[in-house]
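Residue numbers (full-length UniProt numbering): 1 to 164.
Keep in mind that the hints are not guaranteed to be accurate.
[Claimed, not checked] Computed cross-link-like contacts, DSSO-like style, restricted to lysine-lysine with a CA-CA straight-line distance of at most 30 angstroms:
{"no.": "1", "residue 1": "K55", "residue 2": "K135"}
{"no.": "2", "residue 1": "K55", "residue 2": "K121"}
{"no.": "3", "residue 1": "K83", "residue 2": "K121"}
{"no.": "4", "residue 1": "K83", "residue 2": "K19"}
{"no.": "5", "residue 1": "K19", "residue 2": "K121"}
{"no.": "6", "residue 1": "K121", "residue 2": "K135"}
{"no.": "7", "residue 1": "K121", "residue 2": "K17"}
{"no.": "8", "residue 1": "K83", "residue 2": "K135"}
Simulated from the structure, these hints should not be mistaken for lab results.
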Amino acid sequence: MSGVSRWEPPVGTDVDKLKSYLATHHKTSKPSSDVPQIPKPKEQAGGASGVGESKIRAAHLLVKHRDSRRPSSRRQAQITRTKEDALEELRGHERRIRDENDPATLGSLAFEFSDCSSYSKSGDLGFFSRGMMQKEFEDAAFALAVGEMTGPVETASGVHLIQR
1 MSGVSRWEPP
11 VGTDVDKLKS
21 YLATHHKTSK
31 PSSDVPQIPK
41 PKEQAGGASG
51 VGESKIRAAH
61 LLVKHRDSRR
71 PSSRRQAQIT
81 RTKEDALEEL
91 RGHERRIRDE
101 NDPATLGSLA
111 FEFSDCSSYS
121 KSGDLGFFSR
131 GMMQKEFEDA
141 AFALAVGEMT
151 GPVETASGVH
161 LIQR
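Start from the sequences, fold in the hints, and give me the full structure.
Structure (structure tokens):
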């Protein structure tokens, strides 16, 4: 098992009707109270990182681009943005998260904008160990101390912000 979430609609499904239903019945302007809320990241203070830990818990916000390994998401059937556009979008999210005057958190932005199915849990991936994620993602996540957030991390899936 790769740990990658993937769902394809059954053969014969009217994808436009499905998208319309999901947009009408499963989209809210803010996360519900049963969705984990992820606080703003701490400034990197040289705290204990995940190095040496067997499992860590992290959340992320993924922005896919047309060269991603699966260039589609709940928001867009065929993603056409360039990698540069995806990075620009992700950097905009990063600026908002790091802005003390902006109430946005990684969790709230992941819920609204992430191209990963973990959006429904505010980007929370739960606990994972080495070997379960793509190497670039794993290395960045395990290097963080609890509460820290990366800058953009590029993987075959797209570009991510990762927070422990």
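Here's how the hints hold up against the structure:
no.: 1; hint: K55 with K135; verdict: holds, 15 angstroms
no.: 2; hint: K55 with K121; verdict: holds, 19 angstroms
no.: 3; hint: K83 with K121; verdict: holds, 25 angstroms
no.: 4; hint: K83 with K19; verdict: holds, 25 angstroms
no.: 5; hint: K19 with K121; verdict: holds, 20 angstroms
no.: 6; hint: K121 with K135; verdict: holds, 23 angstroms
no.: 7; hint: K121 with K17; verdict: holds, 24 angstroms
no.: 8; hint: K83 with K135; verdict: holds, 19 angstroms
Violated hints: none; the structure is consistent with every hint.
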